[in-house]
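Engineer: So the chains spell out like this:
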Amino acid sequence: MSAGRVLVVEDDPRIASLLRLGLEVKSIEVTVAEDGSCGREAWVNGEFDLVLLDVMLPGIDGISLCAERRAAGDQTPVIFLTAREDEDARARGMAVGASDFMTKPFEYADLMSRVMLVLP
Amino acid sequence: MNIRAGVYTRPWWIAIAAIGGLLLGIVAAGVVGLVLNQQVKQVTDKALQYDVALEDLGDDLRAAVLDVRHYHRDIFFAGPSEGRLEDFERAYALLREEIDRLDQLGGQAAGVPQPSRLREIADSYYAAFRPAIDRYDDDPAGFAQASDRGLAKVAELESAAQEIDRLGEELAASSLESVDRATTTAGLVLVAVIAGLVVVGATLAYAAVRVVGELSRLYADQQAAAATLAHASQAKTDFIADVSHELRTPLTVLRGNAEVGLELERNCVHERMLDQIVKESTRMTRMLDDLLLLARSDSASLPLEPETVAVAPFLEGLAARAEILVRERGASFRAALTVEGQIRIDPARIEQAVLILADNAAKYSPRGESVTLSSVVRGGRLWIEVSDRGPGIPEAELPRIFERFYRVDKTRTWKQGGTGLGLSIAKTIVEAHEGHIEVVSRVGEGTRMSLQLPLSAEAEPVGQLFATTMEGVRR
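Respectively, the protein sequence lines represent chains A and B.
In terms of the numbering used here, the first sequence has 12 at position 12, counting the first letter as 1, and numbering is strictly consecutive.
Position in the second sequence counted from 1, then plus 1000, gives you the numbering used here.
These are calculated hints, taken from the structure and not from any lab test.
Computed from a predicted structure; not experimentally measured.
It is possible that some hints are incorrect.
[To be verified] Mimicking DSS-like on lysine-lysine, the simulated pairs with C-alpha atoms at most 27 Å apart in a straight line are:
1. A:104 - B:1279
2. B:1236 - A:104
3. B:1236 - A:26
4. A:26 - A:104
Let the hints inform the model, and build the full structure from the sequences given.
Structural biologist: The following block contains the structure:
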């Protein structure tokens, strides 16, 4: 019984694998995309309850990808993953319709409570 | 940089000294010129006063002698009449006057016939001839004899007058020559002085140019060194920023995996190991943040976001967060906040500094003892104080507690989980606000950490201003 479906778009495999592990422990179904283009493809073709979206991505960046999906009428909740120093990114992320953001490094408990708030 | 000012001003002093020296030299040359001119003038005056006067006198004396001879002959040929006698007497008196004038001129040059001698001849002439005139009719032969002897004496006087005239001319010519010589000498001395001056001036100018050049080079070197230093400092900051950024992801992965491991299975044999990993990686993450902050403040780029805040609500919020922190550590908390007014600070940073102090105080407080957060305004500055009733810090350690990684109790720290950078961070933050942090501590009684920050004077309420003024008067 799945607790939800989450798309993780994150280019750093270590972070991606940690997110997969952390989410799967809570019986959440996880799909990982390694860059913006793969993320877009997965997002368009799949049904997700939440997208965890890195801001700094090769190819298309997270903010642009989110803006593009919102423009296409997609209302899937998005939590941005931003670098701590990049305070500007949070404001830009919220402006393109994100539900929340997480700064890296994040705490597992913090991440899960934010994810659980968004999931149905 | 202080050194820069020193290097920058000195060449100017040297240049000014060189120019001043030259000006002084020119004045000295002028003075020498004036003195020489005076000397030449003196020589010339002397020549005119004596030598030329001597020549004139020689002429006049000769004319007077010839006059006497003329009237002598008149009397001899035509016989003494009252008129001729009068003329003779007058001519003789004039001759005596001329001899007196020669006497008055004084300073006789060698070879000039002496006035006393001339007077003697004139006197003996008159003494012999004048009585003979009276015997002109009675004793013509005696008169004729006296007249001949008299004319011989007159001739003697005339040759003396001629001698004086000749000597006068000679002396005048030679003194004009000596005037020429003095002028030439003065000119040569002046030329020598000016030439010396030019050499000295040129040397000074050369030295000044060399020194200025040298110091400019030094100045440029120092500027370059300062730039290099600034660049190196920035490079260090960038490096630490890069390192902390790069270490963050592995730390996140490390801690995340440990947390997931704990989530998978509680109460397992690995639980304490996983807990330890979580705790240490959390501490390392905090240490990276602290290092980054210190590195930025070292290169003077500690990012502050200052805003003007009302002191009272700011301190209330701060007290609430401090209380949570302190109670988590098992100490009790008291707040004594009586301050109003406004202050321009980066509230998040100041809160960070005060919470570091509160956390420290709670860490070292015996269980149940209270940590007190208080605030006052003193001398136009806001003082925020955190005091505890912990073991206190030995006096010898006090000057070092704000050093990075300095620990009073070397064994205790690892249990407390601190980074060793807390007080250093607090000090850095407070000083970036142009504030000041200080500590008072007694072993066995407790410690009080105070930080003071400048209040925004224009926003201070009247009552507070009054209290501040009173404080100022009491001091």
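Engineer: For a quick check of understanding: which of the numbered hints are violated here, in increasing order?
Structural biologist: Of the numbered hints given earlier, the structure breaks just one, which is hint 3.
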